[in-house]
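Visitor: For the record, the sequence lines run as chains A and B. Per numbering that gives the first Met the number 0, the first sequence starts with residue 0, numbered consecutively. Per numbering that gives the first Met the number 0, the second sequence starts with residue 0, numbered consecutively.
These are calculated hints, taken from the structure and not from any lab test. Errors might be hidden in some of the hints.
Identical copies look the same in the list; a pair holds intra-copy or inter-copy alike.
Said to hold, decoys possible - Calculated lysine-lysine pairs in the BS3-like style (CA-CA distance at most 27 Å, straight line): (1) K78 <-> K36; (2) K250 <-> K201; (3) K276 <-> K170; (4) K288 <-> K214.
Fair warning: this is a prediction, and the values are worked out from it, not measured in the lab.
Number of protein chains: 2
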Amino acid sequence: MTSSTKLDSFFQELTAPDSFESKKHHLEVFTSRHLEKSNRIVLITSGGTTVPLESKTVRFIDNFSIGRRGALSAEYFLKQGYAVLYLYRHRSLQPFHHRIDKNILDILSVDETNGTSIKVQAPFVESLAPVVQQYHRYHDNGMLCQVDFTTLDEYLLLLRAACEALRGFDKSALVYLAAAVSDFYIPAAQMPEHKIQSSNGKLQLSLEMTPKLLKPLVKDWVPNAFTVSFKLETDPKIMISKARGALENYKHQMVIANLLHTRRKEVVMISADLEEKVVLTDEDLAAGKEIEGPLIARLVQIHAETLS
Amino acid sequence: MTSSTKLDSFFQELTAPDSFESKKHHLEVFTSRHLEKSNRIVLITSGGTTVPLESKTVRFIDNFSIGRRGALSAEYFLKQGYAVLYLYRHRSLQPFHHRIDKNILDILSVDETNGTSIKVQAPFVESLAPVVQQYHRYHDNGMLCQVDFTTLDEYLLLLRAACEALRGFDKSALVYLAAAVSDFYIPAAQMPEHKIQSSNGKLQLSLEMTPKLLKPLVKDWVPNAFTVSFKLETDPKIMISKARGALENYKHQMVIANLLHTRRKEVVMISADLEEKVVLTDEDLAAGKEIEGPLIARLVQIHAETLS
Chain A
0 MTSSTKLDSF
10 FQELTAPDSF
20 ESKKHHLEVF
30 TSRHLEKSNR
40 IVLITSGGTT
50 VPLESKTVRF
60 IDNFSIGRRG
70 ALSAEYFLKQ
80 GYAVLYLYRH
90 RSLQPFHHRI
100 DKNILDILSV
110 DETNGTSIKV
120 QAPFVESLAP
130 VVQQYHRYHD
140 NGMLCQVDFT
150 TLDEYLLLLR
160 AACEALRGFD
170 KSALVYLAAA
180 VSDFYIPAAQ
190 MPEHKIQSSN
200 GKLQLSLEMT
210 PKLLKPLVKD
220 WVPNAFTVSF
230 KLETDPKIMI
240 SKARGALENY
250 KHQMVIANLL
260 HTRRKEVVMI
270 SADLEEKVVL
280 TDEDLAAGKE
290 IEGPLIARLV
300 QIHAETLS
Chain B
0 MTSSTKLDSF
10 FQELTAPDSF
20 ESKKHHLEVF
30 TSRHLEKSNR
40 IVLITSGGTT
50 VPLESKTVRF
60 IDNFSIGRRG
70 ALSAEYFLKQ
80 GYAVLYLYRH
90 RSLQPFHHRI
100 DKNILDILSV
110 DETNGTSIKV
120 QAPFVESLAP
130 VVQQYHRYHD
140 NGMLCQVDFT
150 TLDEYLLLLR
160 AACEALRGFD
170 KSALVYLAAA
180 VSDFYIPAAQ
190 MPEHKIQSSN
200 GKLQLSLEMT
210 PKLLKPLVKD
220 WVPNAFTVSF
230 KLETDPKIMI
240 SKARGALENY
250 KHQMVIANLL
260 HTRRKEVVMI
270 SADLEEKVVL
280 TDEDLAAGKE
290 IEGPLIARLV
300 QIHAETLS
């Protein structure tokens, strides 16, 4: 996928859900408001994407990511004063909300002493109050806009719309691509209409590579933004070289490389002139520290240097 | 997969997560308590299963089902006096909880007038109070036990453990298999260790058929229970014949057949001597009725007839 003609025809074949126009409008209202105020803004993508195997869909290929990196990063960007446009997989983690680690019904009680009210039970108030307060502080002040997606098609269409809405921010926009996007998909024309019947013992699937949208994103959609992508690998031997390869290929500003098994305590920020580790010790982790804290603080510094 | 030797070796190759023994213990405590009280009991499976494509997992094949049928059915079984063992996909819908259709943080407020408390905001109390009360009525009385799973392997191991724990109930146990289980999987021995590298343009996957566990379930695990499976199709021409075929093949008590696009307003109960539709009108749907209400009421009648 190199020519823009090929890319145009790829986009024309994507299936936009009915809700697309209203979601697009919603995010454009958010970006316009912050553009007027000259705020710094970050677009965060989070969670995985779903690739249907049949056109009347029963089955998917999914690289479901619960979206922990994206949800935590959103919180730390808000604390740094950024407006956050959070583009996330439906049912994946959301900023602040993910800190409720229980079935909420277990900690709610109905009180009928003085009319009916519903309260959080006393033992849970201390830990939950700051979560509720922080959420309202940012959300009610219009600093956080959440837009959800499910399929790969919906993700790609919303990503393009969001990037185009950020173009006016010029270098003040940061694009932080933490979503785990499917590398493969089945083109609509090759998809069976009905549920694949499973009688002949094996299922042979042939998937095409998803075009790398990072190239048009950097070149055309939001060329002056500070764009950060992620590289999640399981094999430490190839992690850095894969990250450097992506940087050379897509000409964006930074790759954050991490290994599946150590991703919560070590990441490496890689740019043209930088290779910098952010590390938490086991003591930090035990004390409840989150690597997104120092990572976002440092990233915001680096972004600020490009603005001066 | 016909011989029990083949099945044994299939089970031996499954990967049990660390939490398996504690979940198994948890459900056994629940079933023992209800066996002592001679309660009727239903095992409900709900949600989809995940099939890893790599052993250090980054990608899955998923037939993610949000689990609406299972969650609603659990509520109506509770109302009919059954103890409910709810085996559900992690992050899929849970009984009562799924009726909170908002980000809970949007409707919670911190009140610091008289010490700190957290309350549900007034406009949402009327609709949420019965949800909280019903959940506590059944959960706090020990009538509802929820156990979650993610992968196909975990699902199969928990399903077998749950069925074996139900054996003592004899005909008083109902097994209600509403989960959307992956028909295909990649055997551990054929799985690459690291993330599949996506450079050569196409991804060719070859998946094996998942053994049909319904056969040993009916024959060996819980032979006297009233077992109900589901048949979800997209093609109306084959729905009934596929359901009849399953019934003949597995020798269980009932198949509930439904089409993807009408599943909320029409299902067909099919047993050896029965083919009975349960239908909601558009007016019923508009009034907020749920097809699981009449479906479970009728199913409980049919179950009762087998006990007399």
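Visitor: Could you tell me which of the numbered hints above are not met by this structure, giving the numbers in increasing order?
Guide: 4
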